[in-house]
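Enquirer: Listed in order, the protein sequences are those of chains A and B.
Basically my numbering = 1-based index in the first sequence + 451.
Basically my numbering = 1-based index in the second sequence + 2.
Since the hints were derived computationally from the structure, they do not count as laboratory data.
Remember, it's a predicted structure, so these values are computed and weren't measured experimentally.
Errors might be hidden in some of the hints.
Said to hold, decoys possible - Below, a list of computed lysine to aspartate or glutamate pairs in the DMTMM-like style, where the Cα atoms sit at most 25 angstroms apart:
#1 LYS26/B - ASP504/A
#2 LYS637/A - GLU53/B
#3 LYS22/B - GLU503/A
#4 LYS25/B - GLU685/A
#5 LYS768/A - GLU685/A
#6 LYS32/B - GLU493/A
#7 LYS74/B - GLU59/B
#8 LYS32/B - ASP668/A
#9 LYS637/A - GLU64/B
#10 LYS32/B - GLU829/A
#11 LYS25/B - ASP513/A
#12 LYS32/B - ASP513/A
#13 LYS22/B - ASP500/A
#14 LYS730/A - ASP577/A
#15 LYS822/A - GLU779/A
#16 LYS26/B - GLU609/A
#17 LYS32/B - ASP504/A
#18 LYS22/B - ASP539/A
#19 LYS25/B - GLU503/A
#20 LYS22/B - GLU691/A
#21 LYS22/B - GLU779/A
#22 LYS32/B - ASP500/A
#23 LYS26/B - GLU559/A
#24 LYS616/A - GLU691/A
#25 LYS22/B - GLU738/A
#26 LYS464/A - ASP513/A
#27 LYS74/B - GLU804/A
#28 LYS74/B - GLU64/B
#29 LYS25/B - ASP668/A
#30 LYS22/B - GLU493/A
#31 LYS22/B - GLU829/A
#32 LYS25/B - GLU738/A
#33 LYS828/A - GLU738/A
#34 LYS32/B - GLU53/B
#35 LYS720/A - GLU609/A
#36 LYS730/A - ASP580/A
#37 LYS22/B - GLU755/A
#38 LYS26/B - ASP500/A
#39 LYS26/B - GLU503/A
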Amino acid sequence: MIYLDNAATSWPKPPEVLKAMVYVLERAGGNPGRSGHQLSIEAARVMYDTREDIARFFNIRDPMRIIFTGNATHAINIVLRGLLKPGDRVVTSSMEHNAVMRPLRSLEEQGLIVDVVSCDSNGSLDLGDIVEAVDATTRLVVINHASNVVGTILPVAEVASIAHKAGALLLVDAAQTAGVMPIDVKAFGIDFLAFTGHKGLQGPPGVGGLVIGDHIDTSQVEPLMRGGTGSQSEMEAQPEYLPDKFESGTPNIVGIAGLRAGLNWVVNKDIELIRAQEKEFISAIIEGLSGIKGVNVYGTLNPEKTVAIVSFTAANKRVSEIGLNLDEGYGILTRVGLHCAPAAHKTISTFPEGTVRLSPGIFTTPNQIKKVMRSLKEIVNL
Amino acid sequence: MNEYGVILFFTTSSAIRSEKILKKEGYTVKLIPTPRQFSSDCGIALSFIWEERDSVEQMLTEAHVEIDAVRKI
């Protein structure tokens, strides 16, 4: 089997991740922060140590500003639903995933003003368009760090500086970049970073987080959910302090332990090497696809400007048919269709058919890429 | 025999963080269920040797750990 769907979820996972998850169930199975016995305390230690590791990884001083969530979507919703009020203005890009678009469109119905800046057909953003769109009435700019459809990387540090000049905040959706590209929240000027644990960070599904910049006043953000936190139990009001304000309910401690192991695995492997390997895969795929007649490849076609995601269509075959042939005939697993990002497909002119998306990962080998290219040639030229 | 105190916190994360900081510096500390006579803010509290109160508090202040209260037990 050749797994080229790492943009949906990375697979397989490093063995250390599985071990860490088993450890928690066997040895640290208490409810963190709820009871005071040793299993509960051990679970709380696992959770806190993970907070520290994530804070270091994204360069945040205060580990309490790492909020655990179920996924990046959850983290994005905390910011969008917690910060924005009717009448506020938001600037976003036309390459966003529905994790951003759907909450924004729903808030728009309640009076939020949503300004979608168009990217070009490669998914690239013209900073001049952002300068033009952001003004003193803009409360928040929301952009992805890299597109889940074509992999195009957006210049988040430059967007941060434009946003801040106008007095707006920046939320970055790092679902496709956390773990495969260095992210320095402080140096980039990111105010809120939403990440998921199960893609580049090599953790299991069901865990992600929100990084809140050290300088952000969190009293302006309402919690998405309220409930038990194990703290201030005599009060029926939600605590205001972090991380409890945004972390109600029993956390996914098994997932958090897996995320920590995955993140440390990435750190040990060296994120620069991971990125270098990705670039080689992107080059090989683009080169291979350009040699197949009738195939159209989307995106910048420049490995420096994209993460390991390549989307294509073929003139004589539907994307769904290509995906099925790859799976059934060759054991090659890809994703076809719209990838939960209709706006992005409209931007690159592949709506409503969508594309075939190839997303290699950390365990992909150069030989696998060669085999995929040979197989595609057979399928598309039939 | 040593006398002990407890540090009470707003959130479990601060309790774990304080344990980590103080253990690293060689202090004798232990996470325990918060004694009911004090507060129910956070389920766990950190016990320490009362004599070391000043330096313990200073360490945590320097590390920007938010403390709810410090009590003798």
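Enquirer: Okay, which hints does this one fail, numbers in order?
Expert: Of the numbered hints, 2, 4, 5, 8, 10, 16, 18, 21, 23, 24, 25, 26, 27, 29, 31, 32, 35, 36, 37 do not hold.
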